[in-house]
Amino acid sequence: MAEAHPVGFQWVVEAKRRGARIVHIDPRFTRTSALAHEFMSVRAGTDIALLGGLINYVLTHERDFRDYVTAYTNAGAILREEFADTEDLDGLFSGFDPDTGSYDVASWAYENVPDVSPAVGKERWVEPTNRGPSVGGRRDDEAATVEQFGSGGATVGGKPKVDPTLQHPRCVYQVLKRHFARYTPAAVAEICGVDIEQFLDVARAITENSGRERTTAWVYSVGWTQHTVGAQNIRSASILQLLLGNIGRPGGGILALRGHASIQGSTDVPTLFNLLPGYLPMPDAHRHPDIDSYVRADEGRIGFWGNIRAYAVSLLKAYWGDHATAANDFRYDHLPRLTGDHGTYQTVRDQLAGRGKGYFLAGENPAVGSANGKLQRLGMANLEWLVVRDMRLIESATFWKDGPEIDTGELDTERIGTEVFFLPAASHAEKDGTFTNTQRLLQWHEKAVEPPEEARSDLWFYYHLGRIIREKLADSTDPRDLPVQELTWSYPTEGPHAEPSAQAVLAEMSGFGPDGPLSGYPQLRADGSTSSGCWIYCGVYADGHNQAANRQPYSEQSWVAPGWAWAWPDNRRILYNRASADPQGRPWSERKRYLWWDEEQRRWAGPDRPDFEAEKPPDFQPEPNATAQDGLAGDEPFIMQADGKGWLFAPAGLLDGPLPTHYEPVESPVPNSLYGQQENPIFRPYQHAGNRYHPIDSDVYPYVFTTYRLTEHHTAGGMSRMLPYLSELQPEFFCEVSPALARERGLRHLGWATIVSARSAIEARVMVTDRIRPLRVRGRVVHQVGLPYHWGTNGLSIGDAANDLLPIALEPNVDIQESKAATCDIRPGRRPRGRALPELVRTYRRRAGIERSDS
Amino acid sequence: MRRWLNKWPLFRQLTGSDRLGLGSAVQSGRSRQMRARTENAEKVAKSICPYCAVGCGQRIFVSNGTITQIEGDSDSPISRGRLCPKGSASKQLVTSPTRERWVRYRRPYATDWEYLPLDTAMDMIADRVIETRERTWQKTDEAGAPVQRTEGIASLGGAALDNEENYLMKKLYTALGAVQIENQARI
Chain A
1 MAEAHPVGFQ WVVEAKRRGA RIVHIDPRFT RTSALAHEFM SVRAGTDIAL
51 LGGLINYVLT HERDFRDYVT AYTNAGAILR EEFADTEDLD GLFSGFDPDT
101 GSYDVASWAY ENVPDVSPAV GKERWVEPTN RGPSVGGRRD DEAATVEQFG
151 SGGATVGGKP KVDPTLQHPR CVYQVLKRHF ARYTPAAVAE ICGVDIEQFL
201 DVARAITENS GRERTTAWVY SVGWTQHTVG AQNIRSASIL QLLLGNIGRP
251 GGGILALRGH ASIQGSTDVP TLFNLLPGYL PMPDAHRHPD IDSYVRADEG
301 RIGFWGNIRA YAVSLLKAYW GDHATAANDF RYDHLPRLTG DHGTYQTVRD
351 QLAGRGKGYF LAGENPAVGS ANGKLQRLGM ANLEWLVVRD MRLIESATFW
401 KDGPEIDTGE LDTERIGTEV FFLPAASHAE KDGTFTNTQR LLQWHEKAVE
451 PPEEARSDLW FYYHLGRIIR EKLADSTDPR DLPVQELTWS YPTEGPHAEP
501 SAQAVLAEMS GFGPDGPLSG YPQLRADGST SSGCWIYCGV YADGHNQAAN
551 RQPYSEQSWV APGWAWAWPD NRRILYNRAS ADPQGRPWSE RKRYLWWDEE
601 QRRWAGPDRP DFEAEKPPDF QPEPNATAQD GLAGDEPFIM QADGKGWLFA
651 PAGLLDGPLP THYEPVESPV PNSLYGQQEN PIFRPYQHAG NRYHPIDSDV
701 YPYVFTTYRL TEHHTAGGMS RMLPYLSELQ PEFFCEVSPA LARERGLRHL
751 GWATIVSARS AIEARVMVTD RIRPLRVRGR VVHQVGLPYH WGTNGLSIGD
801 AANDLLPIAL EPNVDIQESK AATCDIRPGR RPRGRALPEL VRTYRRRAGI
851 ERSDS
Chain B
1 MRRWLNKWPL FRQLTGSDRL GLGSAVQSGR SRQMRARTEN AEKVAKSICP
51 YCAVGCGQRI FVSNGTITQI EGDSDSPISR GRLCPKGSAS KQLVTSPTRE
101 RWVRYRRPYA TDWEYLPLDT AMDMIADRVI ETRERTWQKT DEAGAPVQRT
151 EGIASLGGAA LDNEENYLMK KLYTALGAVQ IENQARI
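Quick note, the sequences are listed as chains A and B, same order.
End of the first sequence sits at 855 in the UniProt record's numbering; the numbers just go up one at a time, nothing left out.
End of the second sequence sits at 187 in the UniProt record's numbering; the numbers just go up one at a time, nothing left out.
Relax, there's no trap hidden among the hints.
Using 27 Å as the maximum straight-line C-alpha spacing, the simulated BS3-like pairs for lysine-lysine come out as follows:
| id | chain 1 | residue 1 | chain 2 | residue 2 |
| --- | --- | --- | --- | --- |
| 1 | B | K46 | B | K91 |
| 2 | A | K177 | A | K161 |
| 3 | A | K447 | B | K46 |
| 4 | B | K139 | A | K472 |
| 5 | A | K447 | B | K91 |
| 6 | A | K592 | A | K16 |
| 7 | B | K91 | B | K43 |
| 8 | B | K43 | A | K447 |
Computed from the model, here is a short list of chain B residues facing chain A with C-beta under 10 Å:
| id | residue |
| --- | --- |
| 9 | P77 |
| 10 | P108 |
| 11 | L116 |
For the record, the hints were derived by calculation from the structure and aren't laboratory data.
A quick note: this is a predicted structure, and the numbers were derived from the prediction, not measured.
Idealized CB from N, CA, C, for every residue including glycine.
Isolated chain B, as found in the complex:
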């Protein structure tokens, strides 16, 4: 009789140790066999949420070279394991099919995209920078003061850029003499 009753989750909840019904009381034969997909992760990368600036800790679980789960890092003194709806959706940010994986190129006046290999695109962009810079170079301003710059090339960066990325951007642009270098941080 008791064995029969024990198959009933509510009975187990009321009589066993799991009074809140969050663990063993509500498990079935099938769910007992189930394993979290994080359990067999071959790697857990320590990361930080890419959305707002609170800087919640994330753990990224990887199996067979793909990301299987992203969840809050319970060690973080900032977030103590929590993530908001956006942070909780960050696996989808990384893995969803809406993501672009290939270079796209639109010729002047064209009505649609075409494909361009990445190396070709890089080479063309480098040529554009060099040519535009040369054509728009300002040695001095109207008053004759040296300015050694170009106002023909501008840049606007998002504020989910890493510090290291921002550093190389500013360093390269500055060496090129491009001064219209801006970021979401102004906006």
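The following block holds chain A by itself, in its conformation from the complex:
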């Protein structure tokens, strides 16, 4: 955190000054470790084992916050008799179908509650990968992803039968105990390479610092998400924090540190294939032929997601305005349909196969920033046309001229048919707009000056591109063009470049009703009387005022600072904050007072907006058949869930299991210590000759490597490697290795090393440092290599791209790539040039037995 989010880290230092204990868990020692009380070095890709060990500690010693757990979680919910755990099936849950490599999730549901979660897409058996018998069959690229469930998650058919004593053998609490029983301190030490005493010390620290009087926060970044078990890593932390009563309370939570100015916004107002704004799913061609089927699984369920029709209709009204009427399903048929995976790695697959023709890159540099950079570049070299919008000439704009494959002879400039448009982009200082930061805060940034020469904002580009296309299609009678012709696309423009008004776009996202701007999402209606381009942002333009531009100085308001910018939803700063009070509405303790029921005012009071209906009393009991928010009792804080509870056990919503289970990364130096099942049984492999996976425990690729950021650079480097200051501060690509590994492989400090995987070989300066420690795993030493991934061939500070080493191996729920744990070899000296480079990589593959004759 101190490295990649230094200014955010000031609050950790502040907490430390006030007596908080700081523990840092990471494969490498960083500036964060230097300021922490404790640094625990772990093997990359073993987080579930570690967190599972902590969960087991809490359960074994009964250190859970029992009043919170029984009131606010599904600990007492009774599960079905058919459910079988990984304890029973050696690392698999019930419902696994080896023929399709997927789960039938029906047995994971609550007992006596109908299983209503929609079926996932049609799946097909695929050939096992090149690696051999340990790798099972898996789903191909036709599968649906969990994000299609939208922000309410998968639905459950109602509230479960509950044993409040938590003694029933099939209640969640007991299942949890059994599931995590084998995550003992000794097992954690063996898998993660940590010291038992240190682990126990950390376990004691977090349990002693949780409960009525105290809370513990977990902070994570892509070190948890970029794994084939990414979603389950976060689930592990959710279980731990719910058991300890650390959700919805001040000083608690699981805090994602996101790495880009508006990456949260890019998810909320998604440029993601499977989502529409506000986490509404994109319609599926087979499951959602009309709007009724689109909302069927969720409409009328308990919790706020039960209002999905109002959110969807308001979006369609924002898109197609007066053309969207009840009689035509609000132009639902104007939405294109999905039939499986259309994600970014699928895009590359299509490009390689010649199906992808045109490609827009808007401030993104996949040639350096995505896993297996070579496939990214080969894909782009196979396009008809490419539009790159950036402030600088990034590698993705120049691969046809000077990319690594030109040097190796794998590509020839004069044989690359891709037509490339490079359009210079405006900077943040040259445009109005909002970024949504990592804590869901929409912050407006004002334009200071006009962009230079032909540089323009992306708002300008997309508005005018749409305008030109609409003009060209204005006279078309083809029904295909109707969604374009009917699109609401008249934004006021201003200034010398006819810049569209960002404020007008923000107002559209916020939404309008018959009486003007809406003040919040509870006002949205399903009858077409309201519009809102992103229901969770509804209210950011309340009273016709840009709330994101609010700038009350922090020194002039409460510590919660509600007068600075605007948080979605409804300017609430801590989600699920109803849980900061006990079921009767009293703070759990004076020390952790945040929200409470004010009996006199008959409403919830506190320094934040309640993430709950403001006037629903703690003793409210819903009518038997009540739906949406009316179905939630006054003591059910998890208002998006159909049972109002925090889920220790996920009865629906995940494809790879209702509980997190330790699986090894796809490329691992060791077999799985806990189960016969080696890796996530349904991870999504990427079959391509250029994407071979390494054997497990391979002496050809014996070392673990992980990638990360440096303070002085930013992601794929387009905003940092091109700047003199930052290039001077951190001038060269390097790898971090321990003194022991340096001795083992003859690596010299400040000398060169070549790092080899089955995908590529790269060179880096060697940094021999104690910051990377050799770990003892399953009785032997495992070395890790650390690689910052910022470099590429362009800019002021140049170097090889670490991501070129990575395979594409995807997490099954959200399709994120496993880029934080893989294996490699490292050897002294620079890498070969020209054709000798792919030859070296092939030689390694042959030695490892993964080279096929067809490649």
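Got chain A; can you put chain B on it based on the hints?
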């Protein structure tokens, strides 16, 4: 004598009110005359740092239509005026000569860039979109279900895009039937 001694910064530091030597004690005649370039700014825009997602407040100082300084916003409850090395370098992000200011165009199979006016480029891109969309249009999938889309056009955006930009992108692409619309947020 005292006047002579007072010319000596260390003496002033030890005897005056500026014991840390951060202000008047260390000023010379020349530095007393110097003014911060932010002092005469004709405009201070309130902005947000474009790098990571902490969302530190920035103040952008403008004189004569150009940016003279970008520094932390001390009002922000998030950053309290601080910026990290990247945030502190953001003036260079905006003003450094490494920045591209003109459209570049590479013809198929060409070995180098050429120039293209922005309006021409916009028109050509619009034509490419319309033509590719028409050629790759899918009315139904293999099973006959309506899909009304194209898989011939894809997009990958960075996560320093404004919400308003993402909104127009998704809206336009969706109306065009382009579904392979992705963002750094997946990666």
